[in-house]
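Given the structure of chain A, go ahead and fit chain B onto it with the hints provided.
Protein chains: 2
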Amino acid sequence: MSDIIVQKFGGTSVGSVERIDAVAEIIKKTSRDNKVIVVVSAMSGETNRLIDLAKHFSKSPDKREFDALISTGETVSSALLTIALQSKGIQARSYSASQISMKTTSSFSKAKILDVDENKIKDVLDEGIIPIITGFQGITESGDITTLGRGGSDTTAVAIASKINAKRCDIYTDVDGIFTADPKVVPNAKKLDSITMEEMLELASQGAKVMQTRAVEFANKYRVSVKVLSSFNESSGTLISLEEKSMENALVSGIAYQKDQIKYTLHGIGDIPGTAFKILGPISDADIDVDVIVQNVSVDGKTDFTFTVPIDEKPIVDAIIEDIKKDVSFKDVMVDSNIGKVSLVGVGMRSQSGVASKAFKALSENDVNIQIICTSEIKLTMVIDKSLVDKAVQVLHKEFNLEE
Amino acid sequence: MSDIIVQKFGGTSVGSVERIDAVAEIIKKTSRDNKVIVVVSAMSGETNRLIDLAKHFSKSPDKREFDALISTGETVSSALLTIALQSKGIQARSYSASQISMKTTSSFSKAKILDVDENKIKDVLDEGIIPIITGFQGITESGDITTLGRGGSDTTAVAIASKINAKRCDIYTDVDGIFTADPKVVPNAKKLDSITMEEMLELASQGAKVMQTRAVEFANKYRVSVKVLSSFNESSGTLISLEEKSMENALVSGIAYQKDQIKYTLHGIGDIPGTAFKILGPISDADIDVDVIVQNVSVDGKTDFTFTVPIDEKPIVDAIIEDIKKDVSFKDVMVDSNIGKVSLVGVGMRSQSGVASKAFKALSENDVNIQIICTSEIKLTMVIDKSLVDKAVQVLHKEFNLEE
Chain A
18 MSDIIVQKFG GTSVGSVERI DAVAEIIKKT SRDNKVIVVV SAMSGETNRL
68 IDLAKHFSKS PDKREFDALI STGETVSSAL LTIALQSKGI QARSYSASQI
118 SMKTTSSFSK AKILDVDENK IKDVLDEGII PIITGFQGIT ESGDITTLGR
168 GGSDTTAVAI ASKINAKRCD IYTDVDGIFT ADPKVVPNAK KLDSITMEEM
218 LELASQGAKV MQTRAVEFAN KYRVSVKVLS SFNESSGTLI SLEEKSMENA
268 LVSGIAYQKD QIKYTLHGIG DIPGTAFKIL GPISDADIDV DVIVQNVSVD
318 GKTDFTFTVP IDEKPIVDAI IEDIKKDVSF KDVMVDSNIG KVSLVGVGMR
368 SQSGVASKAF KALSENDVNI QIICTSEIKL TMVIDKSLVD KAVQVLHKEF
418 NLEE
Chain B
18 MSDIIVQKFG GTSVGSVERI DAVAEIIKKT SRDNKVIVVV SAMSGETNRL
68 IDLAKHFSKS PDKREFDALI STGETVSSAL LTIALQSKGI QARSYSASQI
118 SMKTTSSFSK AKILDVDENK IKDVLDEGII PIITGFQGIT ESGDITTLGR
168 GGSDTTAVAI ASKINAKRCD IYTDVDGIFT ADPKVVPNAK KLDSITMEEM
218 LELASQGAKV MQTRAVEFAN KYRVSVKVLS SFNESSGTLI SLEEKSMENA
268 LVSGIAYQKD QIKYTLHGIG DIPGTAFKIL GPISDADIDV DVIVQNVSVD
318 GKTDFTFTVP IDEKPIVDAI IEDIKKDVSF KDVMVDSNIG KVSLVGVGMR
368 SQSGVASKAF KALSENDVNI QIICTSEIKL TMVIDKSLVD KAVQVLHKEF
418 NLEE
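Those sequence lines, one after another, are chains A and B. If you read the first sequence in my numbering, its first letter stands for residue 18, the second for the next number, and so on. If you read the second sequence in my numbering, its first letter stands for residue 18, the second for the next number, and so on.
Bound-form chain A, shown alone:
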């Protein structure tokens, strides 16, 4: 392991000149004993300001132009943070995606990182200069600007940490770490000192909102050690450990929820091989994350197929379903945006039975009706009415004694 630490600062961490100044102090301190690479998001509010400008002209602006537009937010914050560091006597230099060849797919607004020129970054480090790199941005092979989707700066940081073989990737945000549940919903939720990568993966995709799922996947795949911590205080954060057993084998380590999904159910589908692919293939081609996928056993050769997607993808998914009608026969489509998801996550769950029934019982006693159940080895997800999500999180947090 090298002595390099990658530090990523999110939008709220650099949301004002005062915050940028505070972040510069954190970097200055870390750089005393480590080589530091910094990845930075746009100042909070800036991306939305740019989106609002674009929306004046078009409800769905061309994605190439949209990405060129919103990527400027990161360019601004990287230059400002560099100037702030230099004013404190620290050698630093800003780099855009183009300048470090952060190559991505050409899937605008949702681009995936293909490669990054780590030698350029190493050269800068070797000069004793801290590179301040724009998160979120990429460039295609032909030089078009792309963006990685909301929260993409996390992925930028992990990708760089992986390529450069960094000791750790520190994700600075405005929360103290990962909690057993959202403290806004469960006031006595507990901060976890460490969590396994697998648990984090399930938590993040279920809406823990601290770190982008793709970044966690990246970290998991390339074995990058990640720490989530706050730039607003000196809290110790949560280490996302590469070892599996960090959670002292707790049965359930946390509860996640999500409210921004929409549920599609195709009724009366012919239960023939390849149907699921015919439906989900085009959705996946459109780079839309499908979350819960449920298909019941068929009755008389017909079945129901249910899946959830982010609610803002509705126009695209509607169009895709209209289009696949020619290939897939089904009776009708039911669309429900009034849903929410609650998940129990924990590596301990895989070896313990009874977690599911305990959860169902607790929810039922509190009048929370469960529409869909979906399980993985370390996760139990339940789709319920959106208005009941907060209550369900509180009930489950208590039921599994997570406040202790």
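Keep in mind that the hints were calculated from the coordinates and are not lab data. Treat the hints with care, since some could be wrong.
Unchecked claim - Interface residues of chain A toward chain B, partial, derived using beta-carbon atoms under 10 Å:
1) M60
2) S88
3) T92
4) A109
5) K120
The structure displayed is predicted, hence computed values, not measured ones. Glycine included, each C-beta is placed from N, C-alpha and C at the ideal position.
Relative to chain A, chain B alone:
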């Protein structure tokens, strides 16, 4: 000559979403009968907003970072204008300096254009797409972002027009064209339908403020036909003609003034060869434009050397003068920021005598004392007290019957 028109829109022309929309209409109209290349400045106010952010951290921020920061303004406006055009059914695509290889010197904040990849632009035009190019920006050989200095977008436009052999370069601004004098100072100043490149060059450098001097020089050197016009109305603008005799041989075609200069006088300099270079060389190396340069005949081997520079370069010029003391002996330095310049410009002046004495007489009768006089073939510049500049412009405008 090709059928390509380069249209450049300045900051006020794209200063709001409504203005961007109006500019898109101008482009749409022009594109019916011409191939169009667009060069765009940052939305007015945006560059200053970014400068203010940087100044929070440092009074003199590192110029590489400063350029990376402020160049984002043009990236934003080019993407927005592209989205606006697309929403009107016009095919357009935004390009940054990096994307069209707008190569410059590495003199940050004052970079000079070295070359541009016109083939990339031609390919886009051949696809039937209007390229919307960021003005003001460049990149160095090693990929650092540069800017061309205030008003540099004009230079970008002319450079592209030259390389692509465009029919004309239209500089859209918030004034109707070139006037015989600043209409704010002389209300009955007259708009000129055409003006020679030479006259424009003298007018621009003397503060007509419509178009950047360097851009006019560029246009002159590479024989690019330029038109200055307003994006706010359908005025016919002023054509800056390549022919010399457009002005019907008017004696004086216009009056220019400038108030943002500072005057240095080195007293008691040894009148030996190379002295002027020893003084002006380092100033020129610092990319500072020296305007009026006057040296009187020497008395007893000693002389006075006077020159003017933009007032905001004072700290740098002061340091340079301190530094050259070791090479050049002089008695003392007099610095005067309370000066202004007034110039008569006209190709007719070269063949007509009496212009100067007529001007001196008129000013003297109106109690305007002339400190320095400096002449070229088509220009007569007088340095006077700053508070008398407006009056002098009015007096001269009347004296030479320019309102007629």
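Hints versus structure:
no., hint, result
1, M60, "holds, 9 Å"
2, S88, "holds, 8 Å"
3, T92, "holds, 5 Å"
4, A109, "holds, 8 Å"
5, K120, "violated, 15 Å"
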